[in-house]
Amino acid sequence: MALLRVTSPHTQRAGRRTSWVMLMVILATVPGIAMQTWLFGWGTIINIVIAAIAALASEALILSIRRRAVAFFLKDYSALLTAVLLGIALPPTVAWWVTVTAVAFAIIFAKQLYGGLGNNPFNPAMVGYAIVLVSFPVPMTQWVGAHELLSSGAIPTFSQSLQAIFQHLPNIDSYTMATPLDAFKHKNELPSAEAFNTIDALQTASLNSWLWINGAYLLGGVMLLWLRVITWHTPAALLAALAAIAGAFYLIDPSHAATPLFHLTTGAAMFGAFFIATDPVSSCTSNRGKLVYGAGIGILIYIIRTWGGYPDGVAFGVLLMNFAAPLIDYYTQPRTYGHQKAKKGLKIGEDN
Amino acid sequence: MQTATVFSFHGGIHPPENKAQSLRLPLGRPSLPNELILPLGQHIGQSSRPLINVGDKVLKGQTIAINNGFLSSFLHAPTSGTIKAIEERPIAHPSGLSDVCIVITPDGEEQWDTLTPLQHWNTLSKTDVLAYLAEMGIVGMGGAGFPTQVKLQGAHKHPLTHFIINAAECEPYITADDMLIREKTIELVLGIEALQHLVEAEQVIIGIEDNKPTAIAELNKVLSDRLSTIQVAVVPTKYPSGGEKQLIQLITGKEVPSGQYPADIGILCQNVGTCVAVHDAIFLGKPLISRFTTLTGDVLKAPQNVEVLLGTPISHLLDYAENDSKKLKRLVMGGPMMGFTLDSANVPIVKTSNCVLAASKKELPQPAPEQACIRCGMCEQACPASLLPQQLLWFSKSQELEKAEHYNLFDCIECGACSYVCPSSIPLVQYYRHTKSSIREAREAAVKSDLAKQRFEARKARQDAEAAEKEAKRVARQKASANKTTDGKKVAPKVTPATAAAATATPAGDDSKKLKIDLAIAKTKLKKLQKQLLAAQESEHTEEIGTLQLQANEQEKAVALLEEQLAKVEEQLTKAVASAPAASPKAPASDELKKAKVDVALSGTKLKKTQKQLAESPDDAELQAKVAGFEKELADAQARLSKLAADAPASSTAPKAAAPKAAVSDELKKAKVDVALLGVKLKKTQKQLADAPDDSELQAKVAGFEKELGEAQARLATLTSQAPVAQPAATASAGDELKKLKIDTAIAKAAVKKVEKALKKAEDLNSPELDTIRQQLQDAQKRADDLEKALANPTTVASSAAPAASAPASDETARNAEHIKKQKIAAALAKAQINKLNKRLADSPQDADSIQLEITAAKQKQQDAEAQLTQLQAQLTPSQDNTQENR
Ligand code: SF4
Ligand code: SF4
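If you're matching them up, the sequences are chains A and B in order. Residue numbers for the first sequence follow the numbering used here, so the first one is 1400 and each next one is one higher. Residue numbers for the second sequence follow the numbering used here, so the first one is 9 and each next one is one higher.
Hints are supplied without guarantee of correctness; some may be wrong.
Stated by the list, open to error - Reference listing, derived: stretches of chain B covered by chain A, where coverage requires no fewer than 3 residues with Cβ under 8 Å from a Cβ of chain A:
#1 59-71
#2 137-147
#3 378-387
What the hints assert, rightly or not - Calculated cross-link-like contacts (lysine-lysine; reagent style DSBU-like; alpha-carbon spacing at most 35 Å):
#4 Lys-1742/A <-> Lys-444/B
#5 Lys-337/B <-> Lys-1743/A
#6 Lys-524/B <-> Lys-539/B
#7 Lys-1474/A <-> Lys-165/B
#8 Lys-1740/A <-> Lys-411/B
#9 Lys-1742/A <-> Lys-456/B
#10 Lys-1743/A <-> Lys-411/B
#11 Lys-1743/A <-> Lys-262/B
Stated by the list, open to error - Covered stretches of chain B (in silico footprint by chain A; criterion: 3 or more residues with CB under 8 Å from a CB of chain A, positions within the stretch not fixed):
#12 192-206
#13 236-245
#14 344-350
Since the hints were made in silico from the structure, they are not lab data. Ideal placement from N, C-alpha and C gives every residue a C-beta, glycine not left out.
Sequences are here, hints too, so could you generate the full structure?
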């Protein structure tokens, strides 16, 4: 009778492994992916497939170079999740090599070179996204438009999407248009009311398709909350901060600023709040820290959208707050049981 | 019966309860096993000391081991039988090590020792009830096995607002407390009432999880029948609501401050098992010899709760519950969250074993391979202590001990909730345990290096002092050699031995002197250790207590050894000086004598202990009464001893001529012992007095002791002078003088040391008194030297004055003795004052000047007194005759 010698506890919450967590996040993106496919064609799904293959390949490559158990780590689905998030974030018609570059950079540089899962200080998906956004700005801003507004009158078909991604679709321009955020950013001195009347991408149809997409990601996010994969702190703080700052500026200057609702329902607001900012590894870890972290991202998103050089600010907002996360963590430790107040900062030794 | 409000705590988890399995069958009572194995360390603190020997017959409930120090417990035979062995056996301990166990072979008769319930427990003094509980071997039965009387004593420090009975039993699988409440509801309530009588809390609350409806209903019924004020707080089922700190938070909404104990915020927690054990002890007189234990796990075909005798091997219980040993893969003592695995089933049930979980691979599978921490924060959401387990893990892995401590690692209660929820299957608790022990090691190392530094400094100081002493001696010798020519007489007789006996006695006397000094040193060390121990116990530093107790024990052993040696040497001395006959007849009666001596020693220790307690809380009338009782006991025992000793020669076949002599010398001895004892007592009380100078009671005591001492000395003096014309008695008195001188020397030396210490302290403080203290040091040393010289002298003086008559001098002697006594008392008082002042000096260096002045004055007084004393003694010495010390 060889008895096991292990330390307590002897049980584990059944089934809730890291791979399960990753899988749940992937599954929670399904409504959003479905909505994107319905509205913008097959491009998103093709992107995800390309990204997944590239991610698994680069992960396996680095793992074997690092002499780690390849199968064991691939099965944690973390690389797959990065791929899915990138596939969603990239424009549906973007060329395959852009996707591969983004994914390979995310996995190899942003994740594995830091030591693999759990050790990356930055959100890998957003690092990959930022790299291609900076390197290839043109393809990155071509997004498929709402079909009512397109000159072709329809969204790209499956073969057209394939063609756009792998070769070159000659009439690609008839399918793409600026996103509402992009359009709003480039309305220049036009008053808001006029911009919403004249610019294609700011027509109701376009706005509605983004409203639907954000709604789908909100649904996925609520699923994650319900499954307790994520806590409410980061997304709630992010959205609240974004709405608050947008509301403040809208009150100050209604003729030029957009409404809070516009900010919350366009671009990657919901996707960023529930799927990007909540990446556990690179975000803050205590509940209070998450609140600060989320709020910081919300404010940065508004700043970049309004005054920055890029139409959307989720990627850079998240990356900037990744920098601050460790510091925030030091200052937002919870009050431990039996202590008068929470410890703060890095100074070791002072006690209460 | 009322229901109490319930608060909540952060975090917590809801693992599958798995409690139904073991509740299907009624309470089981397994048969007697072939042997019962009782580890000596079933509780926190020092292991018990066995009272029995291998082969002894014991009755059920008989005490087989007693406590070893303050933080320890008693142990009783769970059934009648014979002691088979006292040896190392594997025990149920996380370390998997073995420990010394008493092994009993049951005789199957279950013959009880006489049970004497504690009658009038509600009128008896609380200290007595606590002592009784200790003797009944009661320890906390929920978790660590903290001796209950210690915990209750600790609860006296503050007025209690809440007395909480922990019936939460939040661990999955375990139902022992549930079953206990159902089976012994009334006993539980009576036990709680008895404890409440002892602790007098404002509120008594039973905390119980809502997954035990039957137990709650039973409790409510009994409580409302009795119109009891005990409240029942039904807390939601959530692990770890049964953790002491969590239950306190649930019931009172208060948190136990970090690093403190519930008693510090006026809360006492007791487990239900403990309460029932208290009931059994007080109302039935039954010691703690059995407990309720859950046998569960899918390997057992008949999982159930059993009332099991302590010491029953787990293998016996597994067989009883129809264990399928082929499937057994993991054997856990305790629950699945905080229990520990066992290597084999051959370990016994102890006082704290609440569950045995025998699991197959299916039930408790191998832990999944550890993955990277993804900082998902699930652990943080689950942590009942509101820690950041993921950060602690990070610091543990990188061995950043300081940061881990900064993140309150030591507030982790190792509940395992974080590991349970961790999706990456990280054995977080294991990391924390490791890091905690690393930090402790680092701390210990720091303390050690500090100690080494102190030791080095002390050594240096000692060497310096020795050098100074040598120098002083050299000067003295120079002076002496200068005087040699004029005073040659003094040296000459020293060389010419008076008798053959004297020759042998001198080296032996030297030996004994050295030994005595060693002994004194060892004793002071011991005292210091005991003091530390007491302090540690007071603040309940369990870790320190262990090591300190160990050290104290060693020191005690050393003292005993030295004493033995001393006794031997002195015996030799006596033999050499006194004639043989007195010694031999003692033999036949020696057995009885020995017993009586042991009695004396025992009651002496008891007395000492109580006195110490008294010193802690001087206004405790109870304790004082106890001390008085003990003192009487001691006196009785001593009287018995001396009678026996006196009887011994008389009842023997010894030559009649020898008998009277022996009798007289015995009486003499007794008187001497009396004097010595009284002296010790006096000293002790004086010390206490020094601690608490305004305690008039103590002062009165001191005065009383002093009077007694004086009387005893007078008696001694008369005895000495009465002592027959024969020389031995005179010898004795001369020896006495010598002894006195020696003691004086020792005192002077101690004074030197003290001044040295003061000097060092002053140096540390850079105080301006340095010079004065140095001066004092020199003075003191000179005095010590003088005394030593004097010590060397009387022999010569005495021997030179040998022919002088003894009888005529006796009157004068008595008078002189009176004087001496007075002077001594004066000296002692002055010394006490000095002590006190010194202490004040140490406490408040800013008043140094004035205090120093006072000290000098007091010292002056002391010196005067001592000078007079020596003068008197010098007068006295030549008036008596003959040679050597004879003890
Ligand atoms: S639950 Fe495990 S994986 Fe998640 S943060 Fe805590 S330690 Fe890391
Ligand atoms: S084991 Fe320690 S860190 Fe983990 S949940 Fe319990 S108290 Fe918190």
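Hints and how they fare:
1. Taking a C-beta to C-beta cut-off of 8 Å, the segment 59-71 of chain B contributes 0 residues in contact with chain A, too few for the three needed, and the coverage statement is violated.
2. Three residues within the 8 Å Cβ limit are the bar, and the segment 137-147 of chain B against chain A gives 0, so the coverage statement is violated.
3. Under a criterion of three residues with beta carbons nearer than 8 Å to beta carbons of chain A, the stated coverage of the segment 378-387 of chain B is upheld, 8 such residues being counted.
4. Restraint check: the Cα-Cα separation between Lys-1742/A and Lys-444/B comes to about 19 Å, which is no more than 35 Å; the hinted pair holds.
5. Only pairs whose Cα atoms come within 35 Å are accepted, and Lys-337/B paired with Lys-1743/A is rejected, the gap being roughly 46 Å.
6. Distance hint between Lys-524/B and Lys-539/B is fulfilled; the C-alpha atoms sit about 22 Å from each other, no more than 35 Å.
7. Annotation: proposed proximity of Lys-1474/A to Lys-165/B is violated, straight-line Cα distance about 58 Å (limit 35 Å).
8. Restraint check for Lys-1740/A and Lys-411/B: the C-alpha separation of about 17 Å stays at or below 35 Å, so the hint holds.
9. For a cut-off of 35 Å, the pair hint linking Lys-1742/A to Lys-456/B stands: about 30 Å separates their Cα positions.
10. Taking the CA atoms of Lys-1743/A and Lys-411/B, the gap is about 12 Å. The hint holds against a cut of 35 Å.
11. The straight-line distance between the Cα atoms of Lys-1743/A and Lys-262/B is roughly 23 Å, inside the 35 Å bound, and the hint therefore holds.
12. Note: the segment 192-206 of chain B has 0 residues with beta-carbon separation from chain A under 8 Å; the three-residue rule is not met and the coverage is violated.
13. Taking a C-beta to C-beta cut-off of 8 Å, the segment 236-245 of chain B contributes 0 residues in contact with chain A, too few for the three needed, and the coverage statement is violated.
14. With 7 residues having a Cβ less than 8 Å from any Cβ of chain A, the segment 344-350 of chain B passes the three-residue criterion, so the hint holds.
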